[in-house]
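Could you build the full structure based on these sequences and the hints that come with them?
Chains as they are written, first to last, in the working numbering: chain A, 1 to 314; chain B, 315 to 628.
Bear in mind the hints are in silico, worked out from the structure with no lab data behind them. C-beta atoms are modelled at their ideal positions from N, C-alpha and C, and glycine is treated no differently. A few of these clues could be false.
Unchecked claim - Residues from chain A that face chain B, not an exhaustive set, calculated with beta carbons under 10 Å:
#1 Asn2
#2 Val155
#3 Glu303
Next come the chains, spelled out residue by residue.
Protein chains: 2
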Amino acid sequence: MNNITGLLGIKYPIIQAGMVWCSGWKLASAASNNGALGVLGAGSMYPEVLREHIQKCKKATKNPFAVNIPLFYPQIEELFEILFEEGVKVVITSGGNPGLYTQKMKKLGIIVLHVIANTKFAKKAEDAGVDAVIAEGFEAGGHNGRDETTTMCLVPSILQHVSIPVVAAGGIATGETMLAAMSLGAHGVQIGSRFAISKESSAHELFKSYVVNSKDGDTVLTLKELAPVRMLKNDFYQQVLALYQKGTSREELSRLLGRGRIKKGIFEGDVHEGNLEIGQISAVIQSVESVADIIRKIITDYESAKSNLFSFND
Amino acid sequence: MNNITGLLGIKYPIIQAGMVWCSGWKLASAASNNGALGVLGAGSMYPEVLREHIQKCKKATKNPFAVNIPLFYPQIEELFEILFEEGVKVVITSGGNPGLYTQKMKKLGIIVLHVIANTKFAKKAEDAGVDAVIAEGFEAGGHNGRDETTTMCLVPSILQHVSIPVVAAGGIATGETMLAAMSLGAHGVQIGSRFAISKESSAHELFKSYVVNSKDGDTVLTLKELAPVRMLKNDFYQQVLALYQKGTSREELSRLLGRGRIKKGIFEGDVHEGNLEIGQISAVIQSVESVADIIRKIITDYESAKSNLFSFND
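The following block contains the structure:
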């Protein structure tokens with residue numbers, strides 16, 4: 001046990017990221033049933049859909065699970081009411097001011113983690129009273145910070161500035177990358193891409209196989225004028241690139257992005273016209289596996305890499 | 315001993331990066347005398363200046379040291395002649411086609427390492443016959459790749475594609491970050507920023523203290539239209555940014571960059587008008603130390619972090 005497993009009441013210091021169009025009750029309950037913290041991604045759910053996923057998740061696992069709430073969610077008040085009514089015990093907030101809801105949640109006994117990408121917001125989150133921060137590096141998929149600090153550099157910086165536990169995110173998908181994150185001093189890891197293409201992920205099979213076939217250099221952090229997101233360089237990205245090359249505006253980018261691009265790509269499997277958000281580490285993932293197999297392999301590979309580590313004392 | 319220490323004949327699998335205006339004979343010989351591989355940075359030296367540094371380095375250490383050659387160096391043939399005449403035993407090449415000079419060096423018994431930032435060039439370097447690749451991530455200072463792949467994601471990708479040893483670079487400055495890199499499966503590490511501001515670095519004291527006072531988010535990868543470089547966001551960078559904001563051209567950026575901007579910043583200590591190239595990990599470096607102290611601390615912190623690593627078996 002360490003301070004993350006103890007805090008969250010989980011067996012392994014592994015959090016399955018709450019990803020839009022991937023992280024429904026099937027993925028979250030599988031992660032929780034296999035010793036990690038399962039997380040529902042509320043970002044792609046209408047309030048009543050979220051309620052249904054919470055209820056199904058409660059039936060599918062007796063272990064703790066969490067809900068990820070992007071704080072820019074339009075019906076945010078309604079969403080929080082559902083969390084409170086359903087008695088969700090762990091909430092992960094991201095993309096906004098942690099000061100707004102943290103104290104209310106803490107009073108209800110909810111454990112709160114907040115996603116940050118720099119020391120300034122890590123300190124703000126600590127001051128707001130969150131229990132831990134998730135430090136997400138530049139290599140992570142989907143929404144990303146503006147500072148572009150990588151996991152390798154972000155985690156040590158955050159550890160120098162806060163005293164609450166730090167969970168590393170971005171670039172972690174294997175036992176070796178988890179060991180690297182723990183070496184930096186992280187108390188746990190959040191894993192996105194590998195679970196996004198797990199069997200239990202609600203992403204479309206065409207999205208999953210597109211990711212499996214991608215290689216290093218195939219993702220890009222773009223749309224920085226709107227909000228930086230990391231995605232695969234598919235046909236849709238080529239359209240984004242064409243706008244940049246002719247000189248574009250925020251409005252034009254926003255119009256191209258439109259509504260439903262992520263759903264189209266990830267959930268409906270339109271790998272050409274959809275926005276395929278995924279992390280850089282997707283390049284090393286070579287198959288679609290069950291959550292049980294993924295977690296088992298991560299543990300085996302972690303311990304094996306750990307016992308093979310170079311020692312100056314040899 | 316592992317395959318990097320064995321290959322290079324060094325005690326620790328640590329390479330001191332050959333950095334312009336930092337890595338002269340004082341830094342390189344100090345690194346070599348303290349068990350790492352010292353490296354002269356030829357990029358900022360006229361051919362005859364390099365010869366002088368090689369000769370002084372040979373006098374200052376009996377241990378192996380290397381010369382870093384950017385393959386876009388204008389008087390490249392002259393530079394190689396000097397390496398051959400002076401009997402340099404290890405050469406690190408970067409920023410060009412490793413096919414051009416590798417075989418000639420191998421015939422002379424020189425050990426060749428080549429810096430790469432994606433799997434495509436790693437395979438090219440392996441095919442060209444280099445002894446090892448240095449896989450440099452997005453977080454690294456100075457010249458950088460176009461794919462923006464971070465060390466955490468790059469090293470595992472490269473290991474999947476080549477069978478020669480892989481040295482990790484970018485984001486490594488401490489025992490913990492070295493342990494992270496070795497966890498990824500790297501056979502050794504190249505450390506830049508921390509040695510750039512060591513006592514033995516030929517960088518100006520004003521540059522060193524500017525770096526010590528910098529924090530996370532203070533560097534940026536920019537000038538991508540010319541060749542991507544990571545630098546601190548000082549006044550000079552604000553001028554670059556102003557050009558971008560009004561809409562600029564390759565020519566205009568090139569004119570602003572001019573000649574001697576890096577020398578002005580790093581060697582002459584003009585922290586306002588100079589180009590202050592440094593890596594993201596500079597944010598965690600908090601003092602100017604001697605090379606002996608740096609290496610000693612890295613080893614101590616590495617072993618300490620290693621023995622404190624989370625274990626699933628506990």
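Status of each hint after checking the structure:
1. Asn2: Holds, about 6 Å.
2. Val155: 9 Å, holds
3. Glu303: Since the shortest Cβ distance to chain B is 6 Å, the answer is holds.
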